[in-house]
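Produce the entire structure from the sequences given, and follow the hints as far as they go.
2 protein chains.
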Amino acid sequence: MPPASPADARRTAVDVAALLERGRTLATPVLREAAGRLAPPMDTVAAYHFGWIDAHGNPTEGDGGKAVRPALAVLSAEVAGADPKTGVPGAVAVELVHNFSLLHDDLMDGDEQRRHRDTVWKVHGPAQAILVGDALFALAYEVLLESGTAGAGRAARRLTAATRALIDGQAQDISYEHRDRVSVEECLEMEGNKTGALLACASSVGAVLGGAGEKDADTLERYGYHLGLAFQAVDDLLGIWGDPVATGKQTWSDLRQRKKSLPVVAALAAGGSASERLGELLAADAKSTDFANFSEEEFAARAALIEEAGGREWTAAEARRQHTIAIEALGDVDMPEQVREKFTALADFVVVRKR
Amino acid sequence: MPPASPADARRTAVDVAALLERGRTLATPVLREAAGRLAPPMDTVAAYHFGWIDAHGNPTEGDGGKAVRPALAVLSAEVAGADPKTGVPGAVAVELVHNFSLLHDDLMDGDEQRRHRDTVWKVHGPAQAILVGDALFALAYEVLLESGTAGAGRAARRLTAATRALIDGQAQDISYEHRDRVSVEECLEMEGNKTGALLACASSVGAVLGGAGEKDADTLERYGYHLGLAFQAVDDLLGIWGDPVATGKQTWSDLRQRKKSLPVVAALAAGGSASERLGELLAADAKSTDFANFSEEEFAARAALIEEAGGREWTAAEARRQHTIAIEALGDVDMPEQVREKFTALADFVVVRKR
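Sequence lines, in order, name chains A and B.
Take 1 as the starting number for the first sequence in full-length UniProt numbering and just add one per residue.
Take 1 as the starting number for the second sequence in full-length UniProt numbering and just add one per residue.
If you are wondering where the hints come from, they were derived from the structure by calculation, not from laboratory data.
No experiment lies behind these values; they were computed from the predicted model shown.
No residue lacks a Cβ here, since even glycine has one placed at the ideal position from N, Cα and C.
FRET-style restraints, in silico, Cβ to Cβ:
1) A/E296 to B/D109: 40 to 50 Å
2) B/G57 to A/Q257: 27 to 37 Å
3) A/K215 to B/A17: 48 to 58 Å
4) B/G110 to A/Q257: 24 to 34 Å
5) A/G271 to B/H116: 45 to 55 Å
6) A/A18 to B/G57: 50 to 60 Å
In structure tokens, the structure reads:
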């Protein structure tokens, strides 16, 4: 985690929890109404995916996730001097695209669990995972375009660009699985596509709907893109060294999945004896038929080598570096000071979070 | 097939082959350029799907299909007094959405062949079929929205509505597979969603891009929707009684797939002794473990019962009925007489085609 920094001092000024709650409160009813437009049984499958019902159809208290994207979308409307509500169709469209990609990625990757629950394809079958993913993707455009404004058309173009990047990132992720080595640059490009592009869209969509110019929208996207890279670097750290109680994931989660995440690729690229030993171990692991039975100690040994080779510190520094670029981008957009402080606080939250 | 009608006389006035060729010639280069924007290996998978290359990557002469949708899209631009080229982004977007749905439907349905070739999921795997389908869907919006005009935003809304209907239709198709009986009304609703909605969009998208009003666009959609139902009724006839040489499908193709197409559901709904015998046979077939080994004679016997129960004649009459509604809708839109004649000729072509 980054050491004490100006970010820690700033955190007292803005109530991040309230910012996240505002995005969630504004977006969730519209998201639920939109998902409710789907014909049966797709409405039920979507409600299960979003955590609103369990596999038997009974209502549940979903945790709703961190809700960083909706918070950014409604906040960005304020850049254009518009009411935060102006950003809601954008917030919902971005959430719909994000969840369409989760439904399809979980099936493509064969992932059986997400947020402690069986994934949609496990519960409702592959066809429903494909179909409801498609439906959420189409709903994103429906929600975004139904206002019929010029801003909606511009926002839809940016959403399309983000979605194309998201799909490119998934294509890269799939191709990297079949390779022994992935460079740090390739990993960053993939993470920029999979995480950065949609956070970029979330950070500009409210402003675009509120009538902001293209240059300001581009700059807000730059903020969001680098925030996304910082977010993913922290995610990659938590994926190895996160507290299972806080993250809700298994210990050494990303190592168990043999994920070529930033700490791993950075450690492999670092050179030196720990890096070389790690490379030999992971190459052997890739061929091992006993991998599923590996003990805690075996994963801990790999994590220690990654740390010894410098992969942990490099990734933490990368999170801080991307965080700094994101904050600096904010300086290129004219906005009320208290709006700027909120964007900064959300960026600070992303890099210090424990889950 | 429908008997001799005024349609036969009209067919001499307009060169339908030239109309179809115009749509194909205008749309194909833009479609190829758009698919070429995809990152590897998605560009290759898309090119395989479109029939531009074979499974080894060698260029092939694809037959390009009937190309009714692109022909309608560029023709509809002329309703607004615009150059046919104005409709091209719409034609390409509609083709991209159509092909996204084919990629996903073939995987969901487990279909291994399309147009005499292995389907994408058979050649490139399920993950690529999902991913490239998603990419084509996103590309549709990219191509449609990149002009940035108000018409493009309106066209995107209509494309979204059509896509939502397409997905609803696929959901119905999947659910009907698990049921013994489907009513004629349910079958028509499903076919309207799966085929009518996108032909409706194709028939209006050029006009919308050319600046036509919403009322005219709605009326053109009505033409296209009913044309789609006529198209599908003819497809359902060809799926049972079509000449394999002309259709490129197996004999009794839809019966082999146990498709609950219009002739079948109409025959089952008709009542009488042939209808009842058909119902008993199909119920037994559904449980048969020997279905894959059925002889030509066994399928011919089922086709004969469908015909005896009136399913063939009912479907042919339905094609004529939908064709008439489509033509009548044209009367509610103000357009040059020669444009109206072309729309009429395309509708005539759809109901008299042999493949």
